[in-house]
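*Asks:* In terms of the working numbering, the sequence shown has 34 at position 34, counting the first letter as 1, and numbering is strictly consecutive.
Rather than coming from a laboratory, the hints here were simulated on the basis of the structure.
For every residue, glycine included, the Cβ atom is placed at its ideal position computed from N, Cα and C.
There's no promise every hint is true.
Now the in silico label distances, taken between C-beta atoms and shown as ranges [unchecked claim]:
hint: 1; residue 1: ARG163; residue 2: VAL108; range: 17 to 23 Å
hint: 2; residue 1: PHE269; residue 2: LEU24; range: 39 to 45 Å
hint: 3; residue 1: TRP37; residue 2: LEU189; range: 36 to 42 Å
hint: 4; residue 1: LEU113; residue 2: VAL216; range: 29 to 35 Å
hint: 5; residue 1: VAL112; residue 2: LEU251; range: 42 to 48 Å
hint: 6; residue 1: VAL243; residue 2: PHE263; range: 26 to 32 Å
hint: 7; residue 1: LEU189; residue 2: ASP139; range: 34 to 40 Å
hint: 8; residue 1: SER128; residue 2: PRO175; range: 37 to 43 Å
hint: 9; residue 1: GLU150; residue 2: CYS262; range: 24 to 30 Å
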Amino acid sequence: SSVSSFDCWGLADGPVNLFYSIALSWAIPVLLLLLSWSWLGLRSWRLCLVVWGNVFIPPLMGAAATLVPCFSTHEGGRRFLMYEAAFETPCASKLTESMVLPRFWLAVGTTVLLAVIGPVLWLSLAMSISSMRRGVEDDRTVGFLVAGYEPGCRWWEVTVLVRKSAIYVVAACFPMSWAPEAHLVYLLLITVVAELVHCSIRPYVSPRLNRLEGQVLGVSCTNLVLVISLLSEWPYRPYSIYVGTCVLLFLLTAGTYLFFLCFYIRAVFTRDDSQKGRR
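Based on the sequences and whatever the hints tell you, model everything.
*Replies:* The structure is reproduced here in structure tokens:
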């Protein structure tokens, strides 16, 4: 039928259930976490959880955010859930209406759980000062979070995790296929804030790393501004400006990738030479 053609279909026949969808989003990450615990042992549970969170917490935040966004098919008409549901799944127009929906509390509970095993756990480990009762595994976990940072910026990795999670949430709430302008504007806001905070604090011990991350964030901001300018419908914009913006965007992107490729190759050869010198 014309309505069922708009449904989202899962592994079985029929529309995808919201709870089934969030379970699928968690299946592979949880399986990998259990596999890590079984391989390294429960003594390394903090290290496994921190490394696992660094990879999977941002996309899981995005998966939780997909329970919230809605869209309207007609101006002034009914609003429908955007993701992972049958086309006729209604959406709440107000916060008080959404609080009676099970998916609202599922999104809240998932977000709270990820916040506890992510930023809260990381911050408690990074800010722990006493090492008298810490074992080797705890020292490795703390080292993973604070290595390379100034003593007063041991918490910086938490801000990086929050930034990555915010990017996934923006992608879920404002996908490029539906709201490209809002998507890019919010990404630009996140990147500009990260650039300003980084330049103000300079968290790394190495000035080279501070300079490198500042340059990367600056290039990211510039690229986002160029993409937004390409999407904007400027009146009477000459075609040469459009072509010039595209060329500049290509050069900045290709130049950044080439720079990092050369940087990594140089780092590999420098490390090999230093190891040979020690021998």
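*Asks:* It remains to establish, for every hint, whether it holds in the given structure.
*Replies:* Verification of the hints:
Between ARG163 and VAL108, the C-beta spacing of about 21 Å keeps the proposed range 17 to 23 Å intact. The hint said 39 to 45 Å for the Cβ distance between PHE269 and LEU24, and at roughly 43 Å that hint holds. The given range of 36 to 42 Å is respected by TRP37 and LEU189, whose C-beta atoms sit roughly 38 Å from each other. Our hint of 29 to 35 Å for LEU113 and VAL216 holds, since their Cβ atoms are close to 31 Å apart.
Between VAL112 and LEU251 the Cβ separation comes to about 44 Å, which falls inside the hinted range of 42 to 48 Å. As the Cβ distance of VAL243 to PHE263 is approximately 30 Å, the hint placing it in 26 to 32 Å holds. Between LEU189 and ASP139 the CB atoms are about 37 Å apart, so this pair conforms to the stated range of 34 to 40 Å. The hinted window of 37 to 43 Å between SER128 and PRO175 holds, with their beta carbons roughly 39 Å apart.
Look at GLU150 against CYS262: about 27 Å separates their beta carbons, and that is inside 24 to 30 Å.
When each numbered hint is compared with the structure, no violation occurs for any of them.
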